[in-house]
Amino acid sequence: MRVLTLAGRRLAASIPTLFLILIGVFLLLQLAPGDTVDAMMAQMGGGDAATARQLREFYGLDLSVWAQLGNYL
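Here the sequence shown stands for residues 1 to 73, where the numbers follow the working numbering.
Because the hints were derived from the structure by calculation, they are not lab data.
In this text, all values refer to a predicted model and were calculated from it rather than measured experimentally.
A couple of the hints might just be wrong.
Restraint-style ranges between C-beta atoms, simulated for each label pair [what the hints assert, rightly or not]:
| id | residue 1 | residue 2 | range |
| --- | --- | --- | --- |
| 1 | L63 | P33 | 35 to 45 Å |
| 2 | G45 | G70 | 14 to 24 Å |
| 3 | I23 | R53 | 21 to 31 Å |
| 4 | R53 | R10 | 24 to 34 Å |
| 5 | N71 | M40 | 16 to 26 Å |
| 6 | E57 | T5 | 31 to 41 Å |
| 7 | F19 | L63 | 12 to 22 Å |
All C-beta atoms in this analysis are idealised placements derived from N, C-alpha and C, irrespective of residue type, glycine included.
Kindly generate the complete structure, drawing on both the sequences and the hints.
In structure tokens form, the structure reads like this:
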């Protein structure tokens with residue numbers, strides 16, 4: 001029984017840690033210059049602004065940071 005109590009405490013302590021790690025990774029990705037669409041367009045050899053806008057809309061990169069965080073979580 002004591003082992004289950006210890007395991008339960010450790011599991012409960014790991015949930016906030018995992019949440020903080022997820023938010024940290026999200027913030028690091030937000031702080032990086034450019035976004036996924038910029039990288040995709042560079043890989044494809046460029047493209048027009050309309051295609052970039054459509055891709056940002058498709059991937060949800062045109063949403064607010066809070067909405068993107070909600071989608072990420």
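Evaluation of the provided hints:
no., hint, result
1, L63 / P33: 35 to 45 Å, "19 Å, violated"
2, G45 / G70: 14 to 24 Å, "33 Å, violated"
3, I23 / R53: 21 to 31 Å, "28 Å, holds"
4, R53 / R10: 24 to 34 Å, "47 Å, violated"
5, N71 / M40: 16 to 26 Å, "18 Å, holds"
6, E57 / T5: 31 to 41 Å, "49 Å, violated"
7, F19 / L63: 12 to 22 Å, "21 Å, holds"
Hints 1, 2, 4 and 6 from the earlier list are contradicted by this structure; the remaining hints agree with it.
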